[in-house]
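Just so we're aligned, residue 129 is where the sequence shown starts under this note's numbering, counting upward by one.
Hints are supplied without guarantee of correctness; some may be wrong.
[Stated by the list, open to error] Distance condition first, Cα-Cα at most 25 Å in a straight line; then the derived SDA-like pairs of lysine to any residue:
| hint | residue 1 | residue 2 |
| --- | --- | --- |
| 1 | Lys756 | Gly802 |
| 2 | Lys487 | Ser522 |
| 3 | Lys950 | Val901 |
| 4 | Lys421 | Leu387 |
[Said to hold, decoys possible] For each label pair, taking beta carbons as the anchor points, the in silico distance ranges come out as:
| hint | residue 1 | residue 2 | range |
| --- | --- | --- | --- |
| 5 | Leu283 | Arg1173 | 32 to 40 Å |
| 6 | Ala1088 | Asp732 | 53 to 61 Å |
| 7 | Ser1122 | Ala183 | 24 to 32 Å |
| 8 | Gly186 | Gly532 | 38 to 46 Å |
To be clear, the hints were calculated from the coordinates, so they are not data collected in a lab. Note that CB positions come from ideal geometry on N, CA and C, so glycine has one too.
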Amino acid sequence: MRKPGTSIDVSETGTATAPRGYANTGVHIGDVNLRTGTPVKTRYRHQVQRIAPGALTGRDAEIARMAEFSRGADTSGGYWCWEAGPWSGKSALMSWFVLHPPESVRIVSFFVTARLAAQNNRNAFVANVLEQLLALLGEDLPPLLNDATQDAHLLGLLDDAADACHERGESLVLVVDGLDEDRGVTVGTEAHSIAALLPERLPASMKVIVSRRPNPPIPTDVGVRHPLLDPAAVRALEPSPAAQVVRGDMERELDSLLLGLPEERDLLGTLVAAGGGLTASDLSSLTGLPEAKVERQLSVVSGRSFSRRDSHYPTVSAPDVFILAHEELQETARRTLGSDGLQPYRDRLDEWAGGHADKGWREPVPDYLLFGYHSLLLAEGNLPKATDLVTNPSRYDRILDRSGSDADALSQINSVLRAATIDGQNLPVAAKLAVHRDHLLDRNSAMTIKLPLAWAKIGHFSRAERLVRLTVQPETECFVLALLSGEMHHRGQVDRAEELLREASAVSASFPDSQRRNWTRSAVVSVLATTGRLDEAERLAKSDAADAGGRSRVIRRVVQEAARASDIARCERLFPLITSPFQQVMALIATADADRSDDFGYLDKALAAHRSLEAGEPKSRTGMLLVKALMRREQRERAAELLDDVETGSRSLQNSSPRAEAMVSTARAAIELGSADRARALIDEALGMLLESGADAETRLRLVAAITYAHVEIGGLEEAQNFADSLEDPFLRSESLVALGGSAASRGEKALAFTCLQMAERMSRFAFGPDRVDRTKATAALISAARGDLREATRIANSITSTATRGKAFVAVAHAAGAHVKHWPTDFLADPSLDVPNFRRVRLALIQGIASAGPTGLAVEMATEISNETQRRRAMTVITEAVATRGQLEEATALAQTIHNNDAVLAAVAEAAATQGQLARVEALCKTFKARGRPNRARSALAEAVARTGDLDRALLIVAGTRPQVLQNRARCAVVVGLAGSGRIADARRVAASVEGVAMRNRAMAALAVAEAEAGNLDRSAVAVAGVTNLGLITESFATTAISRGGGAGRYLLARALLHGSWVGCVVALHRLEPDALSAAESALQETTRHAEIRTPRSSFPAGSRADPIG
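Could you build the full structure based on these sequences and the hints that come with them?
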């Protein structure tokens, strides 16, 4: 998601109070919001109704016991497990209880259904229980969660729901039927059971009721202290006589089907082979029988043997799907038909899917082929066919059309990717899957951050939060979450707004660098201020002095809101803390422009400060605001004079991008004077400069939004729509539509706003604009460099239009090229036609790459030819570090001695020695530092080296004696790295929990993730990965270790890098360890690029959606 080009202020509409005070006077089953009292509905209740019998006979005693357990104060935090064999009536009892809960009991449920692929594993459990909990709490699910984070999200929501129930004097009960039917238990080494996800310790007033058969036993991934293993929790359930009667009827009917007419056997065989989930229309297509006959056979003739369930995304018109009515029937049919008997039906399914693939997955496409078929292929172990299915771009576009998001497509790709990365033996398949996964993530991250805020303006809060959660950069997500909380607060969603603000505030404070901390903090401060908490906002704004410019911006936000509240004393107190001249002018304008009869001279002060600013776009912006302020005070003559000055200053700017921005600001000032023609002329001139300039994408988007707002101010929404329609570039048009949608929302035109935002979201998702073209080229250049085709790599990199992206591409290419450069000078950088931004960085990357691969002499030769002493010393430093990292410590130490002021270099050598377990060498280097009077420079390396010997007590003593605090935390992180690297994983976990600071904690958790994976603890590795906020570090940690290990161990770790990280960061490792996998990734990149180019949209407003010209 793109950062904004200018600051975004939260809405200033009034607040409202959410409805409260719902009184539970009867029985409710999860259909009332716990926080607001408003009705909610979930699809899952309808599913339970289909499982439940029409009447429950002979179970009054069991229902009473369950009710007593659910309501009892002494059973809080307890488990109840019904245990009985098949055909005992467990599901009938559990579903009846769910639909008829005791008073003051809230029930969330899941019925594990082995014969329906979408309802038989941990993922299905998480998805359905999350939906119910979110509906109860009035929240929405962030899409694209990975396995570790969605599990954590579920457990957190259980806590929230239990607390909310407790506050209302109610109990929360989680009901899970059929734990023995969990098909996730038997699939691969990464399989996780539903039972293992149930908490060992339940939150306040919560209980769990489960049912299962005596066999199979509780899955092995359930902790030894889990209540499910406590015999006291188990209650034997006597078989229901009614269930036995039903069993006899069903088994006789199944025998009749198995021995019946060919068409009856065809229907049964097709449904059994598919694993359920087919509609009557699907079965008609697969068997050739008329749909009406299929309906009659399954509903009337054989109605006892089959059950109906909702389709994956049920609508009013969506047909039901059919499954066998009992798991035992499914197993009996499977055994009777046998593998050979089922194969023809599987072949039919494959041909059916192939037919839709051949048609490009054009509608209509059956739900089963979009949401169920991949599970069948995975269950059969058909990895190649499952991969081809889930990576078909046309198919995942159909899923997007059907579901409204890419979450299902991503979930399917991740399921297949997990299967492909279990042992590292399927790297080409894993690489292809990773490319398609990252393609889907990328197309969901291209939307401007203004889009979710605009959705919130028209009340689509859940959609807004979903979009925010798609953000890749944590600082951008944090920034927008804060602003979104402000929008929600002003629109009555106070509780959720406060939760989001608390989250944003915590994340903002965790950033180790002042730039990100201050940028995100400015949004938090703005929301605090606009919601009336000026004291808190001021305290937060003044809490970090590391970045004077950022601090000035944050304090100015407080001044603005204080001025609106007429708190002039606070403004006066804060003025001296603002050191940025531009922010000083903005603060003075805000104070002068407050709603008061007298501005106390602040307007004149603002004008004087404005005139002292250097010429540039910021000065034009302050001029625009001052023209508006003068016009509000009816000082037209002064405003006109200022406008002329602003225009003259704008035209004097040499660079076309800031000149265009300045002219748009001038145009908006002209609008205030009623000079519409002058404003339009300025806008047209600015737009021409924009389209012809080589401005970066962020500047172009910012300018287009500003022009859109100007058109709204000049000619209303109709004129702005015409402008948006005129834009050819899909990204620019999307940005204009978002600005137009926000303006329409502010003017009460919600229908138009909805249309604009919907179009903008779709366009930004599918647009293959210059940014994506450049990123794709950068990746292609890196692939060529990794293979040693340096001429092609530099040609591709040189064709990148964005200076920033081209610079990064050349750096990456140079580093990868190091393994292939054998002499100096080299053609790689000598071509005069190359436009290489920041040549020094590229040269340094090449030197580092050469030194990492060897030989050292060539790298040193290149370094000694650098004339600038500082740059030459930096080059020798990276050579020394690279040599030390590859294990040549004697040579590295000798190189370090040639560098002046070499403390940092020797510390790096010490760290490399620690990684290799050379404690004596590290101790010797520490003595060198102590003799120089700088004893702490290598203590983290010493702590790591000691930890690798297993002497944890001594390692922690070294940590405790390290000062200052920042170095102590670094040393603690080094202990984790040492423990993890030497296989002492349990100790590493304990120490990792105490590592503070985002950067060091990321490093510690990344090391732990790699160690857990090498030890085969894949789920623990995934948890450690989830604790790392830097995706690049995860990729680097796994890929670098993979290269150093080599062979099968290396391929295994590289598979984990593809699973948890970004495939682009694995390019060099893929080439070194399995070149065929890199070829597969390259082919997938070409496929996704072609598809993106085809899908790039160009559409106009649909008929009837345009604004009223009068409005």
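Comparing the hints with the structure gives:
Distance restraint check for Lys756 and Gly802: the Cα-Cα separation of roughly 11 Å lies within the 25 Å cut-off, and the hinted pair is therefore satisfied. For the suggested pair Lys487 and Ser522, the alpha carbons sit about 10 Å apart, so the restraint of at most 25 Å is met. Our distance criterion of 25 Å between C-alpha atoms is broken by Lys950 and Val901, whose separation comes to about 32 Å. Straight-line distance between C-alpha atoms of Lys421 and Leu387 comes to about 19 Å, which keeps the hinted pair within the 25 Å bound.
Against the hinted window of 32 to 40 Å, the Cβ-Cβ separation of Leu283 and Arg1173 comes to about 34 Å, which satisfies the hint. As the Cβ distance of Ala1088 to Asp732 is approximately 60 Å, the hint placing it in 53 to 61 Å holds. Checked against the given bound of 24 to 32 Å, the beta carbons of Ser1122 and Ala183, roughly 58 Å apart, lie outside it. For the hinted restraint 38 to 46 Å between Gly186 and Gly532, the CB-CB distance of approximately 45 Å keeps it satisfied.
Checked against the numbered hints given earlier, the structure breaks hints 3 and 7 and satisfies all the rest.
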